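Start from the sequences, fold in the hints, and give me the full structure.
These protein sequences, in sequence, are chains A and B.
Position 111, counted from 1, in the first sequence is what my numbering calls 111; the numbers after and before it change by one each time, with no gaps.
Position 35, counted from 1, in the second sequence is what my numbering calls 206; the numbers after and before it change by one each time, with no gaps.
Please note: incorrect hints may appear among the correct ones.
[Stated by the list, open to error] Computed far set for chain B versus chain A, every beta-carbon distance over 10 Å: (1) T196; (2) L203; (3) D208; (4) L218; (5) N219; (6) L222; (7) R224; (8) Q233; (9) D253; (10) L254; (11) N264; (12) L266; (13) R320.
[As the list claims (entries may be wrong)] Beta-carbon label-pair distances, calculated as ranges: (14) G45(A) - A331(B): 42 to 50 Å; (15) L258(B) - R106(A): 39 to 47 Å; (16) M292(B) - A38(A): 25 to 33 Å; (17) A331(B) - F119(A): 27 to 35 Å; (18) S82(A) - F310(B): 23 to 31 Å.
Everything labelled a hint here was simulated from the structure, so no lab data went into it.
Since the model is a prediction, treat every value here as computed from it, not as a measurement.
In this text, a Cβ means the ideal position worked out from N, Cα and C, and glycines have one as well.
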Amino acid sequence: MTVQPAVVSYQGHYAGSVSRFTAYAIDLVVSSAVFSLALAAISYGVHIVTGHNVNWNRSNIVVAVLFVLWQFVYFGYSWAVSGRTFGMAALGIRVVGTDGSVLEPRRGVVRALVFPLSFLLFGLGFLGILVQREHRALHDLIAGSAVIYSWDARAARLRFLARQADLAPPP
Amino acid sequence: MVNPRDRLRPAGRRNPVEAIAQQVTERVVDLLVSALDVNELAARIDLNALLDRVDLNTVLKQVDLNTLLDQVDVNAVLARVDLKPLLDRVDVNDLVSQIDMDALVERTDLGAVIARSSGGMGTEALDAVRSQAVGLDQFVDRWVQRLLRRKRPTPPAPSALLPAQAEP
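Okay, here's the thing in structure tokens:
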């Protein structure tokens with residue numbers, strides 16, 4: 001597993017589609033897992049207190065509303081506070097203002113509110129990530145945000161070289 | 172003529188006339204020196220003409236630099252040097268940017284130090300995943316640019332994160 005020298009030069013650049021969709025997939029898995037765990041914890045609590053079993057049905061409207069609310073909290077809070085979700089942190093990307101400044105909390109909340117709009121019309125809003133000059137999706141254009149690479153690629157490259165040097169046999 | 176050694180002779184053995192002459196001479200010399208304007212005298216001297224007549228090479232050949240340097244207390248000289256203004260003039264960022272960190276890490280024990288002190292398997296895997304994702308991003312982006320037949324280059328980063336443009 002290598003860290004190519006070229007990646008160092010992309011620090012601060014607009015993040016591409018693969019990084020962003022992978023980060024979103026991780027977020028979807030993590031947020032769903034946390035939501036399921038929370039429902040399981042509530043069921044267990046109710047069972048302990050009342051003795052009744054609560055079975056959450058996925059098609060239940062209450063569960064669906066709770067899930068949407070949880071998604072909004074998960075993404076909105078993450079973007080407003082740190083500009084990145086768990087998945088984005090894993091992929092080393094971050095949401096910033098259009099000029100590259102730190103994202104204002106207000107913009108983070110707006111981004112989470114308009115995020116579902118990008119799913120409309122078969123996800124056409126996400127097409128901007130591929131074809132827009134600054135890789136901005138519909139929710140980015142509305143919220144005045146952009147996504148950039150923010151991981152320390154230089155340090156990663158040095159760590160990679162250090163490992164190589166450490167593994168190399170002594171002369 | 173007054174013999175300077177006469178001063179050393181006991182006063183009893185000195186000729187009274189000579190003693191008077193001695194005193195008069197000393198007084199005259201004192202008056203002359205005090206009346207003399209040394210600055211005026213120095214101004215009249217043509218130093219350039221004087222220096223033209225000096226063969227500096229010959230003078231320098233006669234100087235024994237080793238003996239001279241042996242007498243110099245380097246520690247005392249360094250103690251008097253104010254290093255702060257000197258360091259202020261050094262552009263450390265420029266200096267560091269000239270260092271080939273890749274070569275430094277590969278050729279020195281620095282690599283082993285970094286490898287032992289930073290990250291484990293998790294960090295290594297994360298670095299690799301991020302690096303691969305960036306590579307795939309660029310691959311997809313190149314194809315999209317080609318399909319859209321874009322001629323103008325797209326901005327690589329937000330304006331605040333672009334390196335400062337050099338002044339013309």
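Hint check results:
no.: 1; hint: T196; result: holds, 86 Å
no.: 2; hint: L203; result: holds, 79 Å
no.: 3; hint: D208; result: holds, 71 Å
no.: 4; hint: L218; result: holds, 60 Å
no.: 5; hint: N219; result: holds, 60 Å
no.: 6; hint: L222; result: holds, 58 Å
no.: 7; hint: R224; result: holds, 64 Å
no.: 8; hint: Q233; result: holds, 53 Å
no.: 9; hint: D253; result: holds, 35 Å
no.: 10; hint: L254; result: holds, 30 Å
no.: 11; hint: N264; result: holds, 14 Å
no.: 12; hint: L266; result: holds, 17 Å
no.: 13; hint: R320; result: holds, 12 Å
no.: 14; hint: G45(A) - A331(B): 42 to 50 Å; result: holds, 48 Å
no.: 15; hint: L258(B) - R106(A): 39 to 47 Å; result: holds, 44 Å
no.: 16; hint: M292(B) - A38(A): 25 to 33 Å; result: holds, 30 Å
no.: 17; hint: A331(B) - F119(A): 27 to 35 Å; result: holds, 30 Å
no.: 18; hint: S82(A) - F310(B): 23 to 31 Å; result: holds, 29 Å
Every hint, counting from the list given before, is met by this structure.
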